[in-house]
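**Student:** What follows is the residue order along each chain.
There are 2 protein chains.
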Amino acid sequence: MQFKLTNEFIEELRGLVKQEDKTQAEKLIKELHPADLAEIFDSITTEEAKFLYLLLDGELAADVLIEMEEDVREHLLNVLSAEDIASHIRENIESDDAADMLMEMPEEKKEEILQKIGDIEQAGDIADLLKYDEDTAGGLMAKELVKVNENRDIAACFKDIRKQAEEVDEFYYVYVVDDDNILKGIVSLKKLILGRPNTKIKSITNTEVIAVRTDTRSDEVANIMEKYDLVSLPVIDQFGRLIGRITIDDVVDVIKEEAEKDYQMISGITEDVESSDNTFMHTRARLPWLLIGLVGGILGAQVIGFFEESLRIDPNIALFFPLIAAMGGNVGVQSSSIVVQGIAANIIDLQSTSKKLLKELLIAMLNGSILSSLIFVYNLFFSDSFVLTTTVSVALFAVIMFASVFGTFVPLVLHKFKIDPALATGPFITTINDIMGIFIYLGIGRIFYSLLLI
Amino acid sequence: MQFKLTNEFIEELRGLVKQEDKTQAEKLIKELHPADLAEIFDSITTEEAKFLYLLLDGELAADVLIEMEEDVREHLLNVLSAEDIASHIRENIESDDAADMLMEMPEEKKEEILQKIGDIEQAGDIADLLKYDEDTAGGLMAKELVKVNENRDIAACFKDIRKQAEEVDEFYYVYVVDDDNILKGIVSLKKLILGRPNTKIKSITNTEVIAVRTDTRSDEVANIMEKYDLVSLPVIDQFGRLIGRITIDDVVDVIKEEAEKDYQMISGITEDVESSDNTFMHTRARLPWLLIGLVGGILGAQVIGFFEESLRIDPNIALFFPLIAAMGGNVGVQSSSIVVQGIAANIIDLQSTSKKLLKELLIAMLNGSILSSLIFVYNLFFSDSFVLTTTVSVALFAVIMFASVFGTFVPLVLHKFKIDPALATGPFITTINDIMGIFIYLGIGRIFYSLLLI
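Sequence order for the protein chains is X and F.
Per the working numbering, the first sequence starts with residue 1, numbered consecutively.
Per the working numbering, the second sequence starts with residue 1, numbered consecutively.
To be clear, the hints were calculated from the coordinates, so they are not data collected in a lab.
Quick caveat: nothing in here was measured; it's all calculated off a predicted structure.
Do not take every clue at face value.
Heads up, the list lumps identical chains together, so a pair's fine if it works in one copy or across two of them.
[Claimed, not checked] Pairs of lysine-lysine residues, derived as DSS-like cross-links and limited to a Cα-Cα distance of at most 30 Å, are as follows:
1. Lys4 to Lys256
2. Lys109 to Lys200
3. Lys110 to Lys359
4. Lys416 to Lys163
5. Lys30 to Lys200
6. Lys163 to Lys256
7. Lys418 to Lys109
8. Lys116 to Lys50
9. Lys163 to Lys359
10. Lys191 to Lys163
11. Lys256 to Lys159
12. Lys261 to Lys418
13. Lys22 to Lys359
14. Lys227 to Lys159
15. Lys356 to Lys4
16. Lys147 to Lys359
17. Lys355 to Lys159
18. Lys4 to Lys109
19. Lys359 to Lys27
20. Lys200 to Lys356
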């Protein structure tokens with residue numbers, strides 16, 4: 001029942017575009033689902049996409065636009081005329097999707113498109129939405145919704161719904177409002193279908209409705225919809241008036257984006273890039289953390305230079321630099337990622353910081369003891385120097401303890417100061433733990449060598 | 001409109017539980033949303049949770065069970081009687097949630113509960129679902145759904161719906177089947193409400209319905225629902241018969257779990273742990289990658305030992321071990337994470353491997369040139385040895401090139417062999433690049449020192 005996009009299919013299509021064979025190309029794509037078409041458009045050039053796009057009929061074209069990747073769509077929209085875009089928005093696009101599309105455009109073209117839409121109400125809705133911050137409930141919501149006055153009965157409600165439903169894609173709940181448009185609750189379609197025609201809406205309204213305000217942050221919106229298993233969420237203004245609704249499919253995107261952001265942060269990538277982005281964008285996204293790594297490496301070199309004396313006494317100390325640095329980095333990343341995930345899942349706030357640190361210390365002591373013992377046994381067999389053997393083991397233990405406390409502490413502190421704790425994962429923690437690890441190792445080495453050799 | 005769970009609230013509640021003050025405790029919790037109650041239950045002891053749980057009335061109790069964290073719920077279910085559990089399942093729990101709950105239980109208790117449910121149809125549905133693999137569409141779906149024969153009209157359909165809707169929580173679509181229960185399409189509630197009583201269902205059925213088979217993997221189910229923006233997805237057997245449906249809220253959990261799994265993998269954590277899990281579980285989840293790091297460190301020591309000669313000629317070579325190791329690790333993680341994300345988003349398959357590697361090489365060349373030049377300038381000022389200065393810069397460039405190709409290549413290869421590519425992120429890539437980085441550095445050093453000093 002599903003279409004599986006293959007390289008062969010794309011190549012065939014590109015061939016047809018090259019030959020400008022409109023009839024064959026149209027035949028190939030007109031039966032496809034908009035989401036599949038969008039996937040195709042995402043992986044061909046803008047010119048090819050434009051050629052295919054103009055073959056699609058209005059409603060399908062509009063749906064494809066909605067489904068496309070933002071940056072690829074931006075390119076396509078740039079080469080389409082304001083008239084074409086306006087006519088597709090008029091056709092079928094809900095206000096939130098239209099606002100998403102227009103947001104990326106230059107001011108003049110945005111204005112031109114809004115003018116050309118023609119339908120004042122629709123254009124006005126879109127212009128309203130464009131005012132909200134992208135990362136808030138206002139930026140996520142659509143204006144189209146189905147609502148009914150609490151004083152009507154089911155029969156009258158069905159009439160109201162018929163009038164409103166034309167402009168809404170799908171709806172799962174009917175919102176109940178009073179005469180001032182204040183949100184009073186929701187009625188599920190199930191209850192409407194199961195009820196009798198003369199039942200008052202008020203009597204079947206679920207008044208324990210969860211709503212958000214337009215300025216609620218989008219990650220909070222996602223948390224609420226996920227926690228309460230909602231498929232749609234009403235948005236109200238500061239007076240409690242119903243002004244929009246958010247559907248779960250928009251929030252799924254928010255959830256994915258949040259997860260991707262944290263993932264890129266821990267892997268040392270500063271901007272939202274995808275494998276399909278160009279070389280320059282990738283370089284720009286990766287260079288900043290590498291520069292920090294470079295500075296860290298230079299500081300590391302200075303720490304080692306500071307302990308030159310120790311290295312002259314036993315050059316074999318240098319053998320374990322990579323081990324110490326790597327273990328500090330790994331332990332730090334483990335600890336910090338657990339904290340970041342806990343914060344994202346809203347668990348952390350309910351535990352006290354000291355309890356958290358104590359537990360991390362326990363884990364570090366366990367892991368540290370095991371790993372230190374192992375390297376101790378290894379060195380007993382393979383190293384000639386008992387001082388070095390002891391130094392490496394004790395230092396490894398100390399580094400693991402330090403790295404784990406540091407990796408726990410930093411994201412917690414950032415979170416307290418309302419800075420994204422994910423900043424403290426990946427290269428940041430690794431770099432600092434590298435340097436501190438080497439410092440601890442050489443510091444302990446100096447003490448042990450002076451104690452045990454004299 | 002929402003309840004914000006605080007530490008104070010939990011402490012107050014625990015106080016009441018300690019005093020066994022049922023009246024006050026009940027007053028405090030009976031107005032809460034099940035999701036909030038579940039959050040409270042997740043952060044108190046099992047005994048406290050049991051005390052509170054037994055104060056809840058049937059339907060609320062059932063909902064709380066569904067919302068709880070799996071491992072915490074397991075503890076609570078263990079201390080509840082089979083009779084209690086069965087009565088709550090009978091009350092209100094849909095088949096998929098009931099199956100999720102029973103799955104974790106010992107065989108005998110599972111049997112006992114199924115027997116005590118009483119309603120043969122409901123117990124049978126649950127027993128059916130227990131047969132499916134947890135990670136497939138069969139494991140995600142619920143048996144309760146609303147369906148109608150394609151030959152009926154809207155008026156008759158409403159009658160059918162009234163009969164079926166009692167046992168379903170919410171529904172957004174009515175599934176259309178033929179006389180053999182073969183899935184023919186869907187009708188949205190909107191269409192039913194907007195249509196006329198004598199309209200044939202067949203004529204308003206959307207036949208381009210997307211369905212999955214019971215054995216479809218759950219990550220594929222998530223991808224499909226996300227891509228096509230579905231709130232519910234029908235599940236069919238090998239003959240095309242409709243046997244269940246999956247709703248978006250279950251899939252949101254799958255999406256979150258997948259993202260968390262990748263995140264934990266890149267941060268070097270092997271099992272699914274949360275900050276609330278105990279010390280032992282954390283140690284067990286973190287130790288494996290640390291052991292690999294330890295072995296890597298020992299190999300690193302052997303590589304350095306192998307180049308002892310070079311270190312005797314210029315001990316300052318050791319100064320840049322941390323720099324070289326860190327940069328190799330960072331670059332490797334960046335490259336591999338981009339590939340892993342691309343694979344997860346289904347983008348990678350559409351690009352050829354050679355194109356991918358070429359692009360990574362370009363990015364690495366850009367970043368490598370910039371970073372090598374910087375460290376070259378630094379060493380020109382701060383190092384006495386021109387040979388060392390050249391060695392460090394050339395080696396850094398080479399290490400960045402190697403790490404980036406390796407970080408791209410390994411996850412692609414794993415993916416080709418159907419192994420989770422996320423395995424090749426984090427500590428794995430870091431460890432190998434650490435060792436290879438040191439090897440490349442010292443290898444280049446040996447060549448340069450012999451060339452330039454003689």
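**Student:** Please go over all the hints and tell whether each is borne out by the structure.
**Tutor:** Structure-based check of each hint:
no. : hint             : verdict
1   : Lys4 to Lys256   : both (22 Å within a copy, 25 Å between copies)
2   : Lys109 to Lys200 : neither (48 Å within a copy, 46 Å between copies)
3   : Lys110 to Lys359 : neither (54 Å within a copy, 35 Å between copies)
4   : Lys416 to Lys163 : neither (50 Å within a copy, 53 Å between copies)
5   : Lys30 to Lys200  : between (46 Å within a copy, 27 Å between copies)
6   : Lys163 to Lys256 : neither (35 Å within a copy, 38 Å between copies)
7   : Lys418 to Lys109 : neither (37 Å within a copy, 47 Å between copies)
8   : Lys116 to Lys50  : within (20 Å within a copy, 63 Å between copies)
9   : Lys163 to Lys359 : neither (60 Å within a copy, 54 Å between copies)
10  : Lys191 to Lys163 : both (19 Å within a copy, 13 Å between copies)
11  : Lys256 to Lys159 : neither (38 Å within a copy, 40 Å between copies)
12  : Lys261 to Lys418 : both (17 Å within a copy, 26 Å between copies)
13  : Lys22 to Lys359  : neither (66 Å within a copy, 33 Å between copies)
14  : Lys227 to Lys159 : neither (34 Å within a copy, 34 Å between copies)
15  : Lys356 to Lys4   : between (47 Å within a copy, 22 Å between copies)
16  : Lys147 to Lys359 : neither (51 Å within a copy, 52 Å between copies)
17  : Lys355 to Lys159 : neither (59 Å within a copy, 58 Å between copies)
18  : Lys4 to Lys109   : neither (36 Å within a copy, 44 Å between copies)
19  : Lys359 to Lys27  : neither (63 Å within a copy, 34 Å between copies)
20  : Lys200 to Lys356 : neither (53 Å within a copy, 62 Å between copies)
Hint check: violations occur at hints 2, 3, 4, 6, 7, 9, 11, 13, 14, 16, 17, 18, 19 and 20; the rest are consistent with the structure.
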